[in-house]
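**Student:** Got chain R; can you put chains P and L on it based on the hints?
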Amino acid sequence: MQPTQVDEIRSRIKRVISKITNIPAQEIADGASYIEDLGLDSLSALEVVIDVEFEFQFKVPESEVPEVRTVEDTVRLVERHLSFATV
Amino acid sequence: MRRRIVITGIGVVTSIGAGREVFWRNLLAGSSGISEIESFSTAGYRTRRGGEVKEFQAEDYVERLNPAGLGRASQFAIAAARLALEDASLSAGALAFEQAGVVVGTTSGEPQFVERFNDHYVKRELMRIGPELAMLYPCHVIAANVASELKFGGVNLMTPSACAAGNYAIAHAFDALRGGRAELMLAGGSDAFSRITFTGFSQLGAVAPERCQPFDRNRRGMIPGEGAGMLALEPLDRALARGARIYAEIAGYGLSCDAHHMTAAHAEGEGAARAMRQALAESDLLPEEVSYISAHGTGTPTNDRLETVAVKRVFDGAAYQIPISSIKSMLGHTMGAASAIEAAVCALAVFHDWIPPTINLETPDPECDLDYVPNQARRRRVEVAMNNAYAFGGANASLILRKRTWN
Amino acid sequence: MELKSRKVVITGAGVVSSLGDSPGALHSALCAGRSGARPIESFSAEGVGCPMGAAVEDFVPQSYLGDRNLRPLNRIAQLTAAAAQLALESSGWSDAMRREREVGLALGAMFCSVKTIAEFDRRALTAGPAYASPMDFANTVISAAAGQAAIWHNLRGVNSTIATGAASGLQAIAYAADLIRSGRATALLAGGAEEICFESVFGFYRAGLLCGSDPSSRGRANGHATFYSGYDKEGRHNGADHRDAGHFPIPFDARRNGFVLGEGAALLMLEDARTAAARGARALAEVRGHGGGFDCSRGWDTGHAVAAITRAMRQAMDDARLLPDEIDCLSASANGGVAGDRHEALAIEAVFGQREEPLPSTAIKSMLGEMLGASGGLQAVAMLETMRDGRLPGIRGLEQFDKDFPRHAISVCRQWRQLQRPRHALLNAVGFDGHCCSLALTARAEEF
Numbered sequence: 615m616q617p618t619q620v621d622e623i624r625s626r627i628k629r630v631i632s633k634i635t636n637i638p639a640q641e642i643a644d645g646a647s648y649i650e651d652l653g654l655d656s657l658s659a660l661e662v663v664i665d666v667e668f669e670f671q672f673k674v675p676e677s678e679v680p681e682v683r684t685v686e687d688t689v690r691l692v693e694r695h696l697s698f699a700t701v
Numbered sequence: 027m028r029r030r031i032v033i034t035g036i037g038v039v040t041s042i043g044a045g046r047e048v049f050w051r052n053l054l055a056g057s058s059g060i061s062e063i064e065s066f067s068t069a070g071y072r073t074r075r076g077g078e079v080k081e082f083q084a085e086d087y088v089e090r091l092n093p094a095g096l097g098r099a100s101q102f103a104i105a106a107a108r109l110a111l112e113d114a115s116l117s118a119g120a121l122a123f124e125q126a127g128v129v130v131g132t133t134s135g136e137p138q139f140v141e142r143f144n145d146h147y148v149k150r151e152l153m154r155i156g157p158e159l160a161m162l163y164p165c166h167v168i169a170a171n172v173a174s175e176l177k178f179g180g181v182n183l184m185t186p187s188a189c190a191a192g193n194y195a196i197a198h199a200f201d202a203l204r205g206g207r208a209e210l211m212l213a214g215g216s217d218a219f220s221r222i223t224f225t226g227f228s229q230l231g232a233v234a235p236e237r238c239q240p241f242d243r244n245r246r247g248m249i250p251g252e253g254a255g256m257l258a259l260e261p262l263d264r265a266l267a268r269g270a271r272i273y274a275e276i277a278g279y280g281l282s283c284d285a286h287h288m289t290a291a292h293a294e295g296e297g298a299a300r301a302m303r304q305a306l307a308e309s310d311l312l313p314e315e316v317s318y319i320s321a322h323g324t325g326t327p328t329n330d331r332l333e334t335v336a337v338k339r340v341f342d343g344a345a346y347q348i349p350i351s352s353i354k355s356m357l358g359h360t361m362g363a364a365s366a367i368e369a370a371v372c373a374l375a376v377f378h379d380w381i382p383p384t385i386n387l388e389t390p391d392p393e394c395d396l397d398y399v400p401n402q403a404r405r406r407r408v409e410v411a412m413n414n415a416y417a418f419g420g421a422n423a424s425l426i427l428r429k430r431t432w433n
Numbered sequence: 020m021e022l023k024s025r026k027v028v029i030t031g032a033g034v035v036s037s038l039g040d041s042p043g044a045l046h047s048a049l050c051a052g053r054s055g056a057r058p059i060e061s062f063s064a065e066g067v068g069c070p071m072g073a074a075v076e077d078f079v080p081q082s083y084l085g086d087r088n089l090r091p092l093n094r095i096a097q098l099t100a101a102a103a104q105l106a107l108e109s110s111g112w113s114d115a116m117r118r119e120r121e122v123g124l125a126l127g128a129m130f131c132s133v134k135t136i137a138e139f140d141r142r143a144l145t146a147g148p149a150y151a152s153p154m155d156f157a158n159t160v161i162s163a164a165a166g167q168a169a170i171w172h173n174l175r176g177v178n179s180t181i182a183t184g185a186a187s188g189l190q191a192i193a194y195a196a197d198l199i200r201s202g203r204a205t206a207l208l209a210g211g212a213e214e215i216c217f218e219s220v221f222g223f224y225r226a227g228l229l230c231g232s233d234p235s236s237r238g239r240a241n242g243h244a245t246f247y248s249g250y251d252k253e254g255r256h257n258g259a260d261h262r263d264a265g266h267f268p269i270p271f272d273a274r275r276n277g278f279v280l281g282e283g284a285a286l287l288m289l290e291d292a293r294t295a296a297a298r299g300a301r302a303l304a305e306v307r308g309h310g311g312g313f314d315c316s317r318g319w320d321t322g323h324a325v326a327a328i329t330r331a332m333r334q335a336m337d338d339a340r341l342l343p344d345e346i347d348c349l350s351a352s353a354n355g356g357v358a359g360d361r362h363e364a365l366a367i368e369a370v371f372g373q374r375e376e377p378l379p380s381t382a383i384k385s386m387l388g389e390m391l392g393a394s395g396g397l398q399a400v401a402m403l404e405t406m407r408d409g410r411l412p413g414i415r416g417l418e419q420f421d422k423d424f425p426r427h428a429i430s431v432c433r434q435w436r437q438l439q440r441p442r443h444a445l446l447n448a449v450g451f452d453g454h455c456c457s458l459a460l461t462a463r464a465e466e467f
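Chains as they are written, first to last, in my numbering: chain R, 615 to 701; chain P, 27 to 433; chain L, 20 to 467.
Isolated chain R, as found in the complex (with noise of 0.2 Å):
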């Protein structure tokens, strides 16, 4: 994927999680995780997954739910599902 495709997967979920915590995108960090950086609770952690899962349009395996803790992780969750689906 290149890289401009990255980084526009990671400014929509940043947008997300700014819905979602009120923090301004541009003040998310790349490596931050949901729990101990942005201070959500599981609840809140789950609206992200769900609400980016809305966003791009996939759902994400049940079993990788607990996978996703920070904001990289969900960028790799979106880039290789977006692959999947261009094969």
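Derived by calculation from the structure, the hints in this document are not laboratory data. Hints should not be assumed to be uniformly reliable.
Stated by the list, open to error - Far from chain R, some chain L residues (derived; all Cβ distances over 12 Å):
#1 Arg57
#2 Asp114
#3 Ala115
#4 Glu119
#5 Glu121
#6 Arg142
#7 Asp155
#8 Arg274
#9 Thr294
#10 Arg301
#11 Arg410
#12 Asp423
#13 Trp435
To be verified - Mimicking DSS-like on lysine-lysine, the simulated pairs with C-alpha atoms at most 30 Å apart in a straight line are:
#14 P:Lys429 <-> P:Lys338
#15 R:Lys673 <-> P:Lys177
#16 R:Lys633 <-> R:Lys673
#17 P:Lys80 <-> P:Lys177
#18 R:Lys633 <-> P:Lys80
The model shown is predicted, which means the values in this text are computed figures rather than measured ones. Idealized CB from N, CA, C, for every residue including glycine.
**Tutor:** The following block gives chains P and L in isolation, referenced to the frame of chain R:
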């Protein structure tokens, strides 16, 4: 000397039977009420099973009101209320109507009306929608419908404290009777199956695909269900005067709040422990005097583990000697009805000296190492039964019933 | 009724309403006859036009609740948490104190959030159940606002939601008072909250209960579909100026034709009088007693309806050990509803008709609208202010009386009045579905 309050009638509508006798027989036999969901299409959902009440005909129970004008939760509540009154050998006109009251707990009210509203709304058919959302959906109609059906003009209240609602209702009825505001109270809970509730729990990742397996190592979650449970509560002196059958006495209750998280319990079970301790204190009982605990036991990995922690916190070593079972293994989670049906089960356990099992318990979990009465009902003298329930928003409610003593 | 030894006092209050977010601001507005009702702007829909509503405009939750992320809280939860913040400040219950002792919360709500549950379901319908919002789901349960407020403010005592329709808020105060009297709690926030939304407005308009609805559907509780003529963008109805009497609620007036929906949140801090005194708190008033009753005819039969409201008032006064002559003023539940207001008036006559002087009464829903779960709390906060300075708000727009309106029993007027040191007050809450609740408050003297 505070008035003593006893349970003289039990009425239930469940996925394993309507009416006390059928229900209790099926419960002790370990019957499961979980089946393929029929009330809406489960295409698009990860799971397909729920604890729906099948073959329920409102016309069998609703005499005065028009069943077609009632939501399903109201229909269940009326059915359970009539069954409880009948079970108590009381007729609806047995006392001055302003002395008879109704308190019902629920999680959702009558959500089918929200669903119908939306079905039209998304098709831009607003003009086909009537006043249901204001007049038939709000949960207070449930208690109002029971009281209109039975012509009870006294206390009338809903305690919509979600998954602990039934205990809250019984607690309030207990207080109303002790305070002299009523001479007869019908108290319990009711909830109807809905796509809203099913969707919500699915999205929380909390729903098991096949079975509800509380305390089992491989438990995958809860299974949404529906139903109603109503208890007839009276002051002891009245019950004795009319020669009523007394199932159990209400010894006390405790309510607390975790103030921690909307959908997950406190990690150390602190709030749950406080509710249990308050109930024990009011009942003037030591932890080791409890003979049976009806667990909240939803079957989610977290609840069952945290509930075990909380029980050990209160009971210490004695926890290992006290059977604790979850009937949600059989009925699924009936939401606002759950703790009411579970309270009925506690009353029956005390009355019959039988303890219902936790079914589907196959693989022990090292973190849940208490005696959960696996798979087989057990005959055992039950002096005191504790009923625990925990709700969204961190509300905790513990209710204690005991054998009616002679002093 | 059992003899009770514990007194229940009110040591603080918090309010967020269409007429202000402090008891003082609310009281000034009510006495000035200002209405919180105006054409709603936050939503509109085909067929409903531009209905009137008494919304809390310019509500900025951060100004009460600080910078922490508020997204998990829906509007009603934010209103509730804001009112709780104000009540905790007003009564002096600091963070530190709440860590040491358990403060409870008893919240009255009719819908809690019908908007959130409807939106949750709509997203599932349109996007598919796999994309429904878990955060919204947590807020669909009727006890959600109480749970959210408890988390926000560390309220670890009893957490209870009470739903009895439009009587919910007053009933929650009664419920909380009893918890204190029976020794189960020593401090509880009690009152109610409700938010205004398209779903609730639409439902009541279809029931023909809102002001300005088609007259042929008036008073039909489980009414048929009605056609609401709708307002234009200027808030005019059928060409008439929105200040026309037909589109504002006028409780007890012969021309009344329904109510206007309102929203808000109001919470009182209730405490055991002794523990309150021990911590040096000032008592604003005492919750002296309460009563209730249920009308099995659900408002359809005048005799039953009047009898239920009468029972509630008598029971409250018995519980408070007060005679009808000792009540100085009354806050009616009357909201402009055609049948409901009449039932309440007849009940007041039944209870107070033998007094030498008619009972000075008010109906603040004439200005705040029918706030459903929040109404009882607002009535209580307004009454605390009346007890403080003796001013009883008038009933905005009141001019004409029905022939059978019992003027010998009830004294109401359009303007505010100065009462001589009101000591005992009665508050009524009458729901659309038969629920009746009455609360007796007594002003506190300077000393405990």
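**Student:** Against each hint, give a clear statement of whether it holds in the structure.
**Tutor:** Hint check:
A cut-off of 12 Å between C-beta atoms confirms that Arg57 (chain L) is not in contact with chain R; the least separation is 29 Å. With a least beta-carbon separation of about 18 Å from chain R, Asp114 (chain L) lies farther than 12 Å from that chain, consistent with its non-interface assignment. Remark: the non-interface label on Ala115 (chain L) is consistent with the geometry, its nearest Cβ contact in chain R lying 22 Å away (cut-off 12 Å). Its beta-carbon lying about 24 Å from the closest one in chain R, Glu119 (chain L) satisfies the requirement of being farther than 12 Å from that chain.
The beta carbon of Glu121 (chain L) is kept farther than 12 Å from every beta carbon of chain R, the shortest such distance being approximately 22 Å. Consistency note on Arg142 (chain L): stated as away from chain R, yet its beta-carbon is not over 12 Å from all of that chain's, at 9 Å minimum. At roughly 8 Å from the closest C-beta of chain R, the C-beta of Asp155 (chain L) falls inside 12 Å, breaking its exclusion from the interface. Every CB of chain R is more than 12 Å from the CB of Arg274 (chain L) (nearest about 47 Å), matching its label as outside the interface.
Non-interface call for Thr294 (chain L) relative to chain R: holds, since the shortest CB-CB distance, roughly 33 Å, exceeds 12 Å. Here Arg301 (chain L) stays apart from chain R, with its beta-carbon at least about 37 Å from theirs, past the 12 Å limit. Distance check on Arg410 (chain L): its Cβ is at least 41 Å (rounded) from any Cβ of chain R, clearing the 12 Å threshold; non-interface status holds. With a closest Cβ-Cβ approach of about 55 Å to chain R, Asp423 (chain L) is found to remain outside the 12 Å limit, as its non-interface label requires.
Trp435 (chain L), annotated as away from the interface, keeps every beta carbon of chain R farther than 12 Å; the closest lies near 42 Å. Between Lys429 (chain P) and Lys338 (chain P), the direct Cα distance comes to roughly 24 Å. Compliance with the 30 Å bound is thereby established for this hinted pair. Distance hint between Lys673 (chain R) and Lys177 (chain P) is unfulfilled; the C-alpha atoms sit about 52 Å from each other, more than 30 Å. The hinted pair formed by Lys633 (chain R) and Lys673 (chain R) meets the criterion: a straight-line CA distance of about 20 Å does not exceed 30 Å.
With a C-alpha separation of about 28 Å, the suggested pairing of Lys80 (chain P) with Lys177 (chain P) holds against the 30 Å cut-off. For the given pair, Lys633 (chain R) sits about 42 Å from Lys80 (chain P) by alpha-carbon distance, which is inconsistent with the 30 Å threshold.
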